[in-house]
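Chemist: The primary structure of each chain is shown beneath.
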Amino acid sequence: MGLEDKLFESLPDVVTVRLDAIVNWARKSSLWPATFGLACCAIEMMNTVSARNDLSRFGAETFRASPRQADVMIVSGRVSRKMAPVLRRIYDQMPEPKWVISMGACATSGGVFDNYAIVQGVDKVIPVDIYVPGCPPRPEMLVHAIMMLQDKIMKESVLDRRDTYHPEARKSQVPGTLPVTEGTALERETETEVAAGETSRPYSVPSKHEKRRSS
Amino acid sequence: MEMRSLVRSIYMTEKLHGYVEKLKQKNGEWVVSVFEGHGEVTVIVPRSEIVEICSYLKQEHGFDMLADLCGCDRGPEEDPRFEVNYHLFSTIHYSRLRLKVLLSEDEPNVPTVSTLWKTANWHERETYDLLGVIFDGHPDLRRILLPSDFDGHALRKDYPLRGYEPYSLNRFWILDFGF
Amino acid sequence: MSTLVQDIQQIGVLDQSLESEMTLSMGPQHPSTHGVLRLDLKLDGELVINVIPDIGYLHTGMEKLFEYKKYQQGIVITDRMDYLNPLGNNLAYVMAAEKLLDLEIPERAQVIRVLMCELQRIASHMVWLGTSALDLGAMSIFFFCFRQREKILNLIEAASGGRMTPSYFRIGGLMMDLPAGFERRVKQFMEDFPEALDTFETLATGNTIWQSRTKGIGVINREEAINWGLTGPSLRASGVELDLRKHNPYTGYEQYDFDIPTETDGDVWARFRVRMRELYESHKIVRQSLERLKPGPTKADAPKIVLPDRDDMRKHMDSLIHHFLIVAEGFNIPPGEVYMPIEASKGELGVYMKSNGGPKPERVHFRGPSFVNLAALPVMCQGEMIADVVAIIGSLDIVLGEIDR
Chain A
1 MGLEDKLFES
11 LPDVVTVRLD
21 AIVNWARKSS
31 LWPATFGLAC
41 CAIEMMNTVS
51 ARNDLSRFGA
61 ETFRASPRQA
71 DVMIVSGRVS
81 RKMAPVLRRI
91 YDQMPEPKWV
101 ISMGACATSG
111 GVFDNYAIVQ
121 GVDKVIPVDI
131 YVPGCPPRPE
141 MLVHAIMMLQ
151 DKIMKESVLD
161 RRDTYHPEAR
171 KSQVPGTLPV
181 TEGTALERET
191 ETEVAAGETS
201 RPYSVPSKHE
211 KRRSS
Chain B
1 MEMRSLVRSI
11 YMTEKLHGYV
21 EKLKQKNGEW
31 VVSVFEGHGE
41 VTVIVPRSEI
51 VEICSYLKQE
61 HGFDMLADLC
71 GCDRGPEEDP
81 RFEVNYHLFS
91 TIHYSRLRLK
101 VLLSEDEPNV
111 PTVSTLWKTA
121 NWHERETYDL
131 LGVIFDGHPD
141 LRRILLPSDF
151 DGHALRKDYP
161 LRGYEPYSLN
171 RFWILDFGF
Chain C
1 MSTLVQDIQQ
11 IGVLDQSLES
21 EMTLSMGPQH
31 PSTHGVLRLD
41 LKLDGELVIN
51 VIPDIGYLHT
61 GMEKLFEYKK
71 YQQGIVITDR
81 MDYLNPLGNN
91 LAYVMAAEKL
101 LDLEIPERAQ
111 VIRVLMCELQ
121 RIASHMVWLG
131 TSALDLGAMS
141 IFFFCFRQRE
151 KILNLIEAAS
161 GGRMTPSYFR
171 IGGLMMDLPA
181 GFERRVKQFM
191 EDFPEALDTF
201 ETLATGNTIW
211 QSRTKGIGVI
221 NREEAINWGL
231 TGPSLRASGV
241 ELDLRKHNPY
251 TGYEQYDFDI
261 PTETDGDVWA
271 RFRVRMRELY
281 ESHKIVRQSL
291 ERLKPGPTKA
301 DAPKIVLPDR
311 DDMRKHMDSL
321 IHHFLIVAEG
331 FNIPPGEVYM
341 PIEASKGELG
351 VYMKSNGGPK
361 PERVHFRGPS
371 FVNLAALPVM
381 CQGEMIADVV
391 AIIGSLDIVL
401 GEIDR
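Chains as they are written, first to last, in the working numbering: chain A, 1 to 215; chain B, 1 to 179; chain C, 1 to 405.
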């Protein structure tokens, strides 16, 4: 009668499929973004969820207040130097698999604010998957970015996304990024490492995210 | 229509000059000089008397709201380098008066008016944060916009627009390049 | 014996820890702080003893940036300040520069400014109503509000090309005249909007849960409100009849017929009612401005300050030269200083602009209404429950972009 009947008439009981394909399909179909509104783009992000650009059509409307429950961080707006450590901490609190959309010109490159207060691109703090241009981008562009992210997720391997605890991964950072938190134990550790000559560029220890395939 | 607004602005400045006259009558030393422009009256007042002047204007002449308090840096080469502007506003007769205090670079201290208006608290903290003007007697004078470990005062003219190196990276950069 | 004494001591210690003050950090990443506001809440159980707002997480260095930009470039930065009311910011900045230049603005440009500003005020109040209702758990109002806001954003986009960052007002007039059919679209919106207002009244005003969450919460009295420098709807909710559109009129607001809604309670409910009634007043002003809209120039007659029309540039050498000079070198503004206050959707938005005679300002300071209104948050929150803090923040209608600048 329904679709199920038709399927079971024509298909066998067991279907073999690549694990990556089925896991990635499940992951991309229910992306839960973290509510991380910073500036102007946050209002457009809210607009994306609301009536006209219904983001739930793409399975990504469940905005979570807690980073522990979120998959996607939409960095919507300019990141100040005071906010950068907080941003990094929230990113670290998100469980794997996690992705980042840098929404808007300010998050992507600093935008018009090329000054002492703004981090010139959020990719100096956290790794970014999708960059969305515009100041602010239209809601349609954010929807497009989420669709692009879904395409990207389909190309990933499950092995890259193990949420196991790697001590070296916790300490590590992406090349050219700011230290995780300012004035914390982590920074002091790296400082001593630098003094001992163990690492020359403490802020550029290769991350486990670098092991990811770039699609 | 423009004529009407012109007439109104002249009428407003006359009214404002009345308050300046009252200030002069109360204490001749309170008014250092008076400027007028664009329908606004600016009174330069000595910095030690600012609390008394504000209190007098608030109690006697209905300037019950401090609309804005902002500092300005005239540049490192000027002698009274900093100025602090007090924009007084009255919710009774709706007129505005600007008081201005000039401060030298060596001694950027001015008494706080947060005892008179609680709204001055955050304005003064902001001015301290961005310009380094110190408000004596302020209950909680610490940085408000920038992080507490920020080096320097951002709105000073000798502070570069892009700042120095990202301040949390300062010492790492020095180590990295070997100087 | 000894064990019993130990037990009693332990119980005593436990009791003490329960009764003592607790500190809770709320934000900067929190869904109901309307941005990146951080609050240090000092709590006694659920009772709020004190609130210490910690701002600056969105500090953008705009005031520094203004000093490095030409006057006409600064308009772009003002858009990103109070991003719910960008046209109001544009207006304040532009009018400060015009006041320094003593520039006369044509009638049509002034009417269009009023029209656009009031539309933007409605849009800003829509976001306020939607988000503050969302904080209190009323989800559906949010969708209704954003639906109306979307219509206004479409209008603003039609006129200026930008949804949220229009930069529509320029020094000496407007970017360009309204597009064809704009008045018809505004009229269409104006006809539909009262129905939406009725929906909001039904969903929020008549809702008993909404009333019990808002009435008597976050009270600030008249004297305190003035002392803390509150402006706009937050001040009017405390019984002070102050609206700069009436009392320090600008852009020809004195010719419009509208009322100043005031309430006397000074609580969240009063602030909500004032804003709701302001929507009706804005609606009234938009109607009147549509009637006043007569054909005419939209740019002041100052060729060295106002960019020429595209057609003129193709035909006249002078216009081309002026255009080049304005874009490449900017225009000088005679030395002086002004403070230009306007009634933005959140309160008094003041621009202190100081010129030293060059093409770039020496100092531009924005007195953001949200900045001042947020400073009064501890007074309103003391003695309330922790869940009411969210309602109070929502009722203040703060925008962090304007607070941190």
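The hints are simulated quantities; they were obtained by calculation from the structure and are not laboratory data. Predicted, not measured: the structure shown is a model, and the values here were computed from it. One should not assume that every hint holds.
[Unchecked claim] As a list, the in silico SDA-like pairs of lysine to any residue whose alpha-carbon atoms are at most 20 Å apart:
#1 K69(C) x K100(B)
#2 K100(B) x P147(B)
#3 K360(C) x L161(B)
#4 K15(B) x K360(C)
#5 K69(C) x L325(C)
#6 K157(B) x E67(C)
[Said to hold, decoys possible] To give an idea of the chain C side of the interface with chain A (calculated C-beta under 10 Å), a few residues:
#7 L134
#8 R184
#9 H283
#10 K284
#11 K304
Cβ atoms here follow ideal geometry from the backbone N, Cα and C, with glycine treated the same way.
Chemist: Determine which of the earlier numbered hints do not hold for this structure and return their numbers in increasing order.
Modeler: 1, 2, 4, 8, 9, 10 and 11
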